[in-house]
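K.L.:
Residue numbers (the numbering used here), protein chains in the order written: chain A, 1 to 137; chain F, 1001 to 1141; chain H, 2001 to 2084.
Hints listed in this document are in silico derivations from the structure and should not be mistaken for laboratory results.
Predicted, not measured: the structure shown is a model, and the values here were computed from it.
Mixed in with the good hints there might be a few duds.
Within a straight-line C-alpha distance of at most 27 Å, the following computed BS3-like cross-link-like pairs (lysine-lysine) qualify [said to hold, decoys possible]: (1) H:K2049 / F:K1041; (2) F:K1120 / A:K130; (3) H:K2049 / F:K1075; (4) F:K1092 / H:K2028; (5) F:K1093 / A:K124; (6) F:K1120 / A:K131.
If you want the building blocks of each chain, they are given just below.
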Amino acid sequence: MKIRLGNPLLVSARLEGQYGIVREVASLIDFNAPYCVILRQDAIDLGYPHAANRHPDEERTRPDRVPVFTSWQGIQRGIVVRLNKVTVGPVVASEVDAVVLELQHPRFHTFDFVLGRTFLANCKLTVDVKKGYVNMR
Amino acid sequence: MEEVALGMFPTVFVRMTGRGGGVREFRALIDPGAEYCVIPKVDAFFLGFSEIANDDPTGQASNNLTFATYNGYGKAISIVMAQVELGRMSFKKVEFLALDIPQVTGFDVILGRSLLQFMKLEFDYPRATLRIEERTGELKH
Amino acid sequence: MSSTNGLSSEEEGVPVELSISEIRRRHKDRWVAVVVTKRDRNLQPVKGKVVAEDLDRFLLRTKLGAYRDICIFYAGDPIYLPLL
C-alpha cells in the first residue's frame, strides 16, 4: 500500500473493538511509538469500559494494563486496551494493543489514533521522502 | 549504508560538524515522522551556535520555531548544521532544532526528515532490520 | 599492562580501549563520552576509550571542554518507553 508522505503522515484506519463495534478514524503513523494510541472516548465506544478508570485504580487490579512512558510532558501512564482488529488498506493486524493517552490539544490535531509498533510489528515500511511516499506491506 | 539491527529503536551513530569546526558524535534515533532533526541545546552551543543561549523573551531570535507533537506544543531555535555524516554518507547544511529530549529516554539526537529526505529507508519490523540508502535527485513535494 | 605500583592502566585512570558492547556493559545506565578508536565498514563505532561518564547528560558535558571531537551516548536502555 502506497501512502503519500504528508506532514503529518496520516492514513485512514478501521478499528474493531468488542462486540463487532467499528470506528474508522484518521490515524498518524509513528515509526517509534511502542504502542498505538487511542482516545479515551473511542476506547469506551469500542467496548472497553476500563479505559474510563483512573490509572491508580486500574493499576491496583491490573498492573499489566498500565504501562509507563516518557513523553515531552514527562513520565506518563496509560491504560492498555486490546483491539480485536486494526485495518489500514490491505494491511490487517489482530489483537493490537493500544494505550489510552489524552492528546494535549485534541481540537487542533487532525487525527484520532496513532499507529505504533504494536500494529507495525508485522509490516515492512519503505520511506522515500524524495519521491514523497511510504510503502506499507 | 547496509542493514543495521532495528533493536528496540532504530538508532545509528551520526557525526556532526558545527560552525567552528567542532565535532560531536551521537547515537541518534531515526524518526521519519519528525519534520526536523533535534540536537541538545548544550551541544548546539558547543558546535558554535551561540544564539541558543538567548533566553530573552522580548528579543526572540528570528529562527525561533513553534512545533507540535501529539503530546503538546513547544518552541525551539532552528540551526543549520554545517555537516552531518551518517556512515559513509555526508550531508551539508542540515536543519536542526536545538531542543532537549527528556533525559530518561536515553537519546540526545533525533534524525527527522530534514536529513532523511536524502535517503531511502526500509523498516523491516518482522526481521528487525533497517536499511538505509542514499538518494540523489531533486526533492519532490 | 601494569605499572610499577601494581595498578592496571584502567585503575590508574588511563582510558582503556574497549568494544562498544563492553562499554555498554561496564557503564550500564550512564551517559558516556568516548574517543572512538575503531570503526566498522559503515563507519559506526566499534571500539573506543571512555574519557568521561556521568549519570546526568548535562554534567557529562561539563567534563568535555578539552575535546573537540567526541562521541556521546547512553550506555543502557530507556527506563520507560519513549512516546514522543
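K.L.:
Could you run down the list of hints and mark each one as holding or not?
P.N.:
Outcome of the hint check:
| no. | hint | in the structure |
| --- | --- | --- |
| 1 | H:K2049 / F:K1041 | holds (25 Å) |
| 2 | F:K1120 / A:K130 | holds (8 Å) |
| 3 | H:K2049 / F:K1075 | violated (36 Å) |
| 4 | F:K1092 / H:K2028 | violated (34 Å) |
| 5 | F:K1093 / A:K124 | violated (31 Å) |
| 6 | F:K1120 / A:K131 | holds (9 Å) |
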